[in-house]
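Please model the entire structure based on the sequences and the hints provided.
Residue-level listing of the chains:
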Amino acid sequence: MHMADALLSPAVAGTMYLGSAAAAGYSIRKLRSEKEEQKIPVMGVMGAFVFAAQMINFSIPGTGSSGHMCGSMMLAAVLGPEAGFLTMISVLLVQCLLFADGGLLALGANIWNMAFYGCFVGGMVIWKRMTRNGMTRRTIAAASVLGCVLTLQLGAFSVVLETLASGITELPFGVFLAAMQPIHLAIGVVEGLITSAVLLFLYGTRPELLWNGTETGEGKSRLSRRGTLAVLAGMAVAIGGLLSLFASADPDGLEWSVERTAGMAEIQPEGGVYALADRIRAAASLLPDYTWKGGKAAGGTSVSGIVGGIAVACVCMAVCFLLRRFRRKPGDQKNNEET
Amino acid sequence: MKKPDRALRDIHTADDAGGNGIHPLACLLVTILYILAVMSFQKYNMAGLAGMALYILILCIWYDISILDMLRHIWPAFLLTAMIGIANPIFDSTVSAGTLSMATLIVKGCLCAAAAYILIAQTGIRPLCSALRTLHFPKELIVVLLLMYRYLTALVREVKQMLTAYRLRTPGTKGLPFRTWGSFVGLLLLRSIDRAEEVYESMQLRGFQGDFLLSPGSYSPVWSAVYTVLWGIAIFALRFFPVFQMAEVLLWRILK
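Residue numbers (our numbering), protein chains in the order written: chain V, 1 to 339; chain H, 1001 to 1256.
A couple of the hints might just be wrong.
[Unchecked claim] To spell it out: a stretch of chain V is covered by chain H in this simulated footprint if at least three of its residues, at any positions, have a beta carbon under 8 Å from a beta carbon of chain H; those stretches are: (1) 6-13; (2) 136-150; (3) 199-206.
Worth flagging that the hints you see were computed from the coordinates, not collected in a lab.
Beta carbons: idealized from backbone N, C-alpha and C, even for Gly.
Next up, the structure:
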């Protein structure tokens, strides 16, 4: 579910950064108020654990395929939602910087889609609510599966909204949604089973390691439940307002997507498979005498710069190679001193 | 086995990075500016987007970055953007327009991922964290990030060993079967938590006060400023002016 930079417009990426930054700010404030410094090394090692555990492929019974865990729900169940959220941010940052899983500017969206839902909805709402009357094997398994399924569904839904609001894909909203949600339902069930298996093992061996949703003496939140809900509602309104502001200013925004989805005469999603097949045939028959969208200008622009582009690239490469010859390498000075 | 090996290779790439004489904050700002410029291109503007590849090309040559390694690294971004864009030829107004928008999307994805790869190859994790601290990134996040990075190699190696041991005991099995999910990952989790407690105790004994001392490394302020300004101008020019067409006109005039 890691989104690449190319799947988001700068406005949507910025808005998602704002939302994620607000959640991160709240988490850091909570962590500082709890004064649990010993949690920080545990968070670091747990982040590395989640990353390492993602290397393991789990064979899914009866399908012949395999899946891997995401980890935000597990982090929330062990560290608590706030510490889990901050750990997931680090995991996503390392994945983005070192492994090209997700983009640098799409990080805000990825944090929201994977860490926020997993830790706050999965941990703070589902896990805390289901285990508040005491943990049993049944509640742990149910909370894990329900949490993973629900948070992955929310994450997938957000991916659809963010991509469409950025005007990246031509897929109509309904088709995109129908493609994303069922896949993530299956992934959510598998991840939920993996998470529940691990948490049940932990419950059987070291139950004190599981977060039971209670606050420590010093760590009582400064915000009441009503206050938290008010902050979350305010954030939702602010983010929604910002998103719609950008979308209305930019033709690649949400308004554009909705208008495009509903207004295109050629696309008839109501017609189902027949309309789709008809459209593919119509498009394919246009192939011999096609024109670039936007008339000849776009195609012309694409072609006319090729010679200039090659020339500029050759000059830049030549200058680079020349300059590199004169550049002092780190080992050169040492070698000169030795000789 | 491929996943742990790939992860270890990428971690070592970041370990070997740094020492380029440019302040990591300058590298970070230029990378963000570049990604913003790439993201802002319209979906049919392939000509303009192709020009942005110059940044990647020049930095790869300058820093001796293997283009093959980089392509291998950005493969996931290519796959993801291709998966999202594959529907464009069907749902866009014409197949050609859809193909063009799909190609633009893929190129955008690859360029952005390559820029992030080059950033890490230029700076390394610790100098980059120092740049993030300069931008008032919370210290808790930086500490978690650095600790995580420090133990990544150890835990990935541990997973690799566990998987090898499991495969040797159960030859011919693909993936972990359902009955071993809990105990396999659970044991790794318990070992990780125990390790974290030992780490915390040893850090406390060495005077850990909740923060790491970070240095941006040795750098030249003048070169850093020149680097930022020059790349800023170049990215602005590539984004807003038809540089290639202008170069082509100039070339023909010179040849005539």
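Q.
Is the coverage entry for the stretch 6-13 of chain V by chain H consistent with the three-residue Cβ rule at 8 Å?
A. Three-residue rule met by the stretch 6-13 of chain V, so holds; n is 6.
Q: Establish whether the coverage given for the stretch 136-150 of chain V by chain H is satisfied; the threshold is a Cβ-Cβ distance below 8 Å, and no fewer than three residues must meet it.
A: Per the Cβ count (0), the hint is violated.
Q) Do three or more residues of the stretch 199-206 of chain V come closer than 8 Å to chain H, measuring C-beta to C-beta? A) Since three or more residues must qualify, the claim that chain H covers the stretch 199-206 of chain V holds, with 5 doing so at under 8 Å.
Hint check: a violation occurs at hint 2 only; the rest are consistent with the structure.
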